[in-house]
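Here is how the chains run, residue by residue.
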Amino acid sequence: MALLSIRNLTTIFNCEEGQLKACSNVSLDINPGQTLGIIGETGCGKSVLGMSVLRLLPANAVINGQIMYKNQDLLTLPDKEMCKVRGSEIGFLPQSPSTSLNPVLSIGEQLTEGLQLHRGMIKEKARIIALDILRSLGLKDSARTSAEYPHQLSGGMKQRVLAAISISGQPSLLIADEPTKGLDAVNRIQVVDLLRQLSRKTRASLLLITHDLKVAAALCDEIAVMYSGEIVEKGPAEQVLNNPLHPYTQGLVASLPERGLYPIPGHSPGLLDDSPGCRFYSRCPIGNEKCKCQPIINREVDGVHVRCLYIDQSGGAQQRIYGRGFQSEAG
Amino acid sequence: MSVFKNKLTLIGMIIILLLLCAAIFAPVLTPHNPNTQCLSQALKGPCSDYPCGTDEFGRCIFSRIIYGARVSLAIGIAVTAVSAAIGVVLGMAAGYYGRAVDEIIMRIVDIFLAFPGLILALVVAGLLGPGIGNVMLALALVGWMGYARVVRGTVLAEKEKEYIETARSLGANDLYIMFRHLLPNVIAPVIIMASVGIGYAILAAAGLSFLGLGAQPPTAVWGSMLSDGKTYLQTAPHLTIFPGLAILVTVLAFNFLGDGLRDLLDPRLKDKAWNRG
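Chain order of the listed sequences is L and S. So in the numbering used here, the last one in the first sequence is 331, and the numbering has no gaps at all. So in the numbering used here, the last one in the second sequence is 1277, and the numbering has no gaps at all.
Quick caveat, the hints were computed from the structure, so don't treat them as lab data.
DSS-like, lysine-lysine: derived pairs with alpha carbons at most 30 Å apart:
#1 S:Lys1161 with L:Lys123
#2 L:Lys84 with S:Lys1159
#3 S:Lys1159 with L:Lys181
#4 S:Lys1159 with L:Lys80
#5 S:Lys1159 with L:Lys158
#6 S:Lys1161 with L:Lys181
#7 L:Lys123 with S:Lys1159
Simulated coverage check for chain L against chain S, where a stretch passes if three residues somewhere in it have a Cβ under 8 Å from a Cβ of chain S:
#8 82-88
#9 96-107
#10 111-123
Think of the CB as a built atom: it goes at the ideal place given N, C-alpha and C, for glycine as much as any other residue.
Chain L extracted, bound-state conformation (with noise of 0.2 Å):
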């Protein structure tokens, strides 16, 4: 039984230019305990799509379609109940530890929010298990880190106090925003640790959305790959990482420094383009009419699900194809 499943989730923002599909008919499965990675270039909806699920989306968007948490679709929750959601049964790890605490309280003061919100706790005691989780995430001195600021706090702490925030509503899912976006190689495994702890020790479910592949490798049971909207592959992490079928998961991998560092040529469509056909046909490979014009089934490929019309029950064919078409223009 999934902990989170979402089914058929689709978000449009109502702009001026027109409706902005940032998630079309997404549909995913979270299992208790499990690493879920959503990949995916800048802009592509994968924000989107956890802001979705915890209903913290401007007052322009829409959001239609089904997230089945525990038996309960979260979006006809009233809003009060969706309140005591956030926090106490999904939690949330901010993108940029630098501005996402609050300026002029201290971290003493935000760390005990979400206990005092949610499980009713008095200041003081609020303020021993507050101090409890800073010290298990590796902030020693955690006495003396309550009592200051953000600002006297480096991004590494930062990071550390986000993700007791975070955990300290004791969540049952985790949804990580980009959590290594502009660090560096250092802090960057430094986050994969804290993520690799924050999961072991609440037994969460980590909806970890990113696009670093690396990240995602190094901690994802599954991996789900989002382009311009839609899921367009999704399976085991190392069976979608080591023997990519979608033309575009192949040439995310083909982009990674050590394969090559080969780009994908040409850009993302708009999000307010809404041909029938697949998204990624100006950029890939293979594409020819059909797959402009054709609404695109998922296929299933041992365990697999790929959105791309030329996927043949090896899957094998066409990766050869595609690898070739890169190196041709390398060499």
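Position chain S against the provided structure of chain L, taking the given hints into account.
Quick look at chain S alone, frame taken from chain L:
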């Protein structure tokens, strides 16, 4: 403490403290009862017995000024507190909820701003009838718009910041976010406006008392002392000079304090304020 490095701010603070002490310990500090009339001593100039002279009824002007500080400071602080509270709550609601709420509140602000402040206060105080309480109400009603505008603007900028999203993702509701997270971030300009605003409120209250709408005789109020003394402006100018000086010094002191606080709380000016010798 950089407050003490800025001399004008320091002077302002000292004067305000002295005034507060004078208001609190008025019975001890005053040589005479402020309301006792002694017609044989009427219109005397400053002398050893009456430091600021006497008015047309022979009342000690010094004692009346000291007692008047009570009323003036009370009016200044109460009016500013009430108008700042109204302004902060409405401004925060307008900025946070936006759309229709914003539109309605800000149009009400525009309507209030369209009237000249003191005239509107005069009308309100006139309708409610004379008395200190009504003057305070009238002044608070015409003084909140500035706070609302400033708070709305600051909230508009602050609510988009990521720490608000963090609070929301932690399950905080709108009221909690507004008062716990936004309020401390928007309060700095309000404090500055309020410290200057106290001076304005005292001035406006003096103006209304001068016109006969404030506290009723024989209560000592700086504004009505000016008003009563104007008949004797040529023969006994000390009747107006001393209460006038009291108003001047008080308003100036609050302005100094406000300027100093602005330098202190504005992050861009902070470094300068810290290093000022």
